[in-house]
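Asker: Take a look at the letters that make up each chain.
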Amino acid sequence: MAEQQTLLAAHEVAKHFGGVKALHDVSLTIHRGEIYGLIGPNGAGKTTFFNCLTGLYRNEGGHFVFDGVKLEADAPHKAAEVGIARTFQNIRLFGNMTAIENVMVGRHLRTRAGVFGAISRNSATRAEEAAIARRADELLHYVGIQERSHDYARYLSYGDQRRLEIARALATEPKLLALDEPAAGMNGTETEALRVLVEGIRRDGVTVLLIEHDVKLVMGLCDRVAVLDYGEKICEDVPAIVQKDARVIEAYLGG
Amino acid sequence: MSGRFGRSPRGMQHWLGFLLLLAVLLAIPFVAALGGQAWVRIANFAILYVFLALGLNIVVGYAGLLDLGYVAFYAVGAYCYALLASPHFGIHLPFWVILPFGAAVACLFGVLLGAPTLKLRGDYLAIVTLGFGEIIRIFMNNLNAPINVTNGAQGITLIDPIRIGDFSFAKTSTIFGVTLSGPQKYYFLLVALAALVIVVNIRLQNSRIGRAWQAIREDEVAAKACGINTRNIKLLAFAMGASFGGIAGGVFAAMQGFVSPESFSLMESITILAMVVLGGMGHIPGVILGAILLTGLPEALRYGIEPLQKAVFGRMIIDPESLRMLVFGLALVLVMRFRPAGLWPSSLRRRELSEATD
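If you read the sequences in order, they're chains E and D.
Position 149 of the first sequence, counted from 1, bears residue number 149 in my numbering, the numbering being contiguous throughout.
Converting from the second sequence to my numbering requires adding 1000 to each position, the first position being numbered 1.
One or more hints might be untrue.
Residues from chain D that keep clear of chain E, each with C-beta distances beyond 12 Å, as calculated [what the hints assert, rightly or not]:
no. : residue
1   : I1202
2   : S1263
3   : E1299
Each computed DMTMM-like pair below joins lysine to aspartate or glutamate, with the alpha-carbon atoms no more than 20 Å apart [claimed, not checked]:
no. : chain 1 : residue 1 : chain 2 : residue 2
4   : D       : K1119     : D       : E1268
5   : E       : K78       : D       : E1299
6   : D       : K1119     : E       : E199
7   : E       : K216      : E       : E199
8   : E       : K78       : D       : E1220
What follows is a set of in silico ranges between Cβ atoms, one per label pair, in the way DEER data are often shown [what the hints assert, rightly or not]:
no. : chain 1 : residue 1 : chain 2 : residue 2 : range
9   : D       : Q1013     : E       : A131      : 28 to 36 Å
10  : D       : L1019     : E       : D74       : 50 to 58 Å
11  : E       : T111      : D       : A1192     : 40 to 48 Å
12  : E       : Q146      : D       : G1122     : 51 to 59 Å
13  : E       : T111      : D       : M1012     : 49 to 57 Å
Note that these hints are calculated values from the structure, not bench results.
From the three backbone atoms N, C-alpha and C, an ideal C-beta is built for every residue, glycine too.
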């Protein structure tokens, strides 16, 4: 990473719920191709930041610049369209659809067929459907759950559901993949496999924004880390420096 | 679904099953006619309801939007046909103009209902759609003054039957040595229309749009995060469902020769919804079964209860009409108690899918 291009810049993003300041003028910069960690104690505003970024919440102050363009993220599907895909802290899969169908839904954005294509099932639609199924299958292989392809998502194990959510997010062809606590509730082996997967995703050219509680995972995986505390960014640097920062230690240990 | 009629032994079985089904469908109007044309008409209504239920299935079963005013679109289609092919305005357009026109108008009403209700779900949506259904019915009832558009509660009579050249669906005629009565002809038309709506349902189910509907039904927030424009996709579901309701209404008007607001009550909406839920929401064979049972059962009870009471008690004890509704209601409760996913829910779906992607 000789030259560092900015992929996402948050400028003084602010969000409050009633009198509670969930985010207080948070600014941060994510470079293209890096794994960027966002950590902080519970209630620090990490998920709120995610929700503002992906258009689920509307931030009251500040703005995001993504890939050189100011985000008008007033609707989540627009965020996905410009290339921001996400997973959810409390997994949100389409439970009564099979694993592969879940990933196929992720292809919605990058495909075209409408009602008339579906009903007439013309050659263009058939080709597109085949491509969707093929790509979904590839992605299931990629995250390592191809053998669960035709199982309903709600019957998958916890770790597999996390992986399926990542596969579904990748299906939208994101430039930035935002993972909200992907290792939550995973055991050591599963966390290690997740680390390998996330590194692979970065190697394949997708920038990763990671919210995580597992400090060891974040420090081992991320190129840079930002720390939120009570809605404010208190630190942003490479893991080695962040770990030694007095304010971070205080926030985590409750000083 | 593409693998279903393959050249495997199972494919052969499917073909045999298909031929058997075709034979049964062909035989029904003739067998029913032995008991009188009334039975053919009952069969026709059963198929009309299959059509309606599958239209509603798109909205409720696939997209998961609880619509209690579906009959409004049926009414719009029926009145479109009635106004454009009757002496009421003296307009007599051919059916192939009116049916698509009725579908388009119903589609427009679908969007009109859908647009303000996009943010509503579940019970809230049900209440608004219920109100919408009633509004349409009340409009039909009262649009006879100051300008007489719908002829109010008296309804519109002498509606043209479906006619292709000199071949009218209202009269008995002989084709290739087979004598067909009017209802029998409508029967075949309705079977063709039902086949069409079944194909549309199947194809939509395993399509980009169908998956988007299911995704919205499962988790709207996640669907949005996947880049689905939920507003447009939901409106599309309303519009598609409404169009089918419009077509069904047109055929109903032509078949009956008479429409009045009475035919489009809330009870009708609920019956159609019950067909979808009882049969197995989102599962095409289940919905078909639900529609046939819920049309056939009340009629069977109507004709069966009186002789039964006479045979058992020697006289009439309970009014057949009230007993009919009692048995009907009880049947609904029992089905929902013991088969909450519907009589025929989609258990085979996984296997079909694995074949389709092979």
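Asker: Which numbered hints are broken by the structure, listed smallest first?
Answerer: Going through the list in order, the structure violates hints 1, 4, 5, 6, 11, 12 and 13 and respects the others.
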